[in-house]
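2 protein chains.
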Amino acid sequence: MSLVIKEVSKTYKDKKALQQINWNIQSEKIYGLLGRNGAGKSTLLNIIANRSFASNGTITLNGLLLVDNEAALNQIYLMSEDNLYPGNLKVKKCFQLTADFYGDFDWALAEEMIAGFGLEQKSSLRKLSTGYRSIAKLIMALCVPADYIFLDEPVLGLDANHRDLFYHYLLTAYAKRPRTFVISTHLIEEVANLLEEVIIIDEGKVLREATTEAIQAAGKVITGPKEVVAQVVSDLKVIGEDELGGMLSVYIEGAAPKDIPQGVSVAPLNLQAYFVQLTKKGVA
Amino acid sequence: MSLVIKEVSKTYKDKKALQQINWNIQSEKIYGLLGRNGAGKSTLLNIIANRSFASNGTITLNGLLLVDNEAALNQIYLMSEDNLYPGNLKVKKCFQLTADFYGDFDWALAEEMIAGFGLEQKSSLRKLSTGYRSIAKLIMALCVPADYIFLDEPVLGLDANHRDLFYHYLLTAYAKRPRTFVISTHLIEEVANLLEEVIIIDEGKVLREATTEAIQAAGKVITGPKEVVAQVVSDLKVIGEDELGGMLSVYIEGAAPKDIPQGVSVAPLNLQAYFVQLTKKGVA
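Chains as they are written, first to last, in the UniProt record's numbering: chain A, 1 to 284; chain B, 1 to 284.
Chain A on its own, in the form it takes in the complex (with noise of 0.2 Å):
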């Protein structure tokens, strides 16, 4: 089983939003889908969803083409920004609907979760904060029974005790029955370890695919004085610098160089350092 995005391209007028996506999403997985503010992640994800359609290009899930494949499409489910459901319902109403749409609601971890969030059911949408309507939203993304989970932005407005708990029943779904999780946020290095495969995107397009153990392995800081950090550096793939004072701090993808002179350190990057230095404006 998988699911197959290939040469999706998405133009707006004179824009290109996206390019030639291709992306083989397995089944199974918890993926990471990186990319700045504007780079794609959403209008990829609305396309993915069949709530926009690409100008170019196809998904297929399991060989068979998405769009208006509504077996295939209930097997597909996108938690983002967008209020699916009227303002005035109230949270107890929305999950109702949700599980009468998508069948086999998983009511109890939804108990389990309104519960440790301290949701509150009666409340309508429009009146709860950002946070919880992250968190009603959260609630029907683990609990619906599609095998393709995609969540747009799911920790936004949540505070730190309520995304560790957050991170905590993502796990538990995912125990309990595997499925593919495809997370989309700005919080890059409080999901890293929950990631098995990272995806970065930028300016439409495809920029590194790999596991995540592999992206976190790429990446290294070369730090030192500006003139000895410039001549170890000078045949390395450099995608980023720092200056402060007279020491330089030089990013780099690939293997550090075996020999680093004296007052020169070497140290890995974290994937959020990773991303941000790969995604700066002006390097590709």
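Be aware that a few hints might be false.
For identical chains, the list gives no copy identity; a pair is met inside one copy or between any two copies.
[Unchecked claim] Straight-line alpha carbon distances no greater than 25 Å define the calculated SDA-like cross-link-like pairs of lysine to any residue that follow: (1) K127 <-> P86; (2) K122 <-> D82; (3) K280 <-> N193; (4) K281 <-> E190.
Just so you know, the hints here were simulated from the structure itself, not pulled from any lab data. Keep in mind the model is a prediction, meaning the values are calculated, not measured.
Given the coordinates of chain A, work out where chain B should sit on it, guided by the hints.
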């Protein structure tokens, strides 16, 4: 100069949103106002900025009551999720209106931030993404001449690069003209090294107030075999615990004992981890 909050309480119907808050906000310092979702942070900020009224208590700036005191209120600026301008207004026009109202707008910094963030000034507020709407508000907050700037969830929806850039501009603005910033955010670890002082609010009450240094020195985690750790912490101030297999992690406040048995480790807690443990439900 200081902004003094004295015995401020706020009651909605039968809910006590704030209970006798005392807080002396000094001039030219950077504060972190931390609390769970619903702890009362936004209620307090709205009262300080005269958008809401306290049920009891007073707020004074340099000894003068703030309520309906226009000169004093001009020294206070609150950036929050509330949209103060109509959604169809263009970004540039918002800046102009804010500059007209407060006077002495730092247009040089505004232009630098507009270019740095790539903000589209001709767009209407409504058409901006959550992240860019935050950015437009941040530019106004950093460029008004007020002495007390309150930022409620300033980086909501910003990507990792833009968050870094905002922290950079905040320090630049502060260095150029020292003033007080109060940052209320759920992304605690990211701002920890910007904050001089931290105040933690929980269920409408002040739970802790101290320098960031003192707060960071307070929390520790003691990990090891369950029975041994239970013995070690028996006389300590425990604020939380986690268990995994036979291993127990106990979070404490205050000094760890000098004699630590073999197989037990003591590590410092970062600000976010300390906050999470301190404000878990059922702990005070």
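Quick rundown of the hints versus the structure:
no.: 1; hint: K127 <-> P86; in the structure: both (12 Å within a copy, 20 Å between copies)
no.: 2; hint: K122 <-> D82; in the structure: both (21 Å within a copy, 24 Å between copies)
no.: 3; hint: K280 <-> N193; in the structure: both (23 Å within a copy, 23 Å between copies)
no.: 4; hint: K281 <-> E190; in the structure: both (24 Å within a copy, 22 Å between copies)
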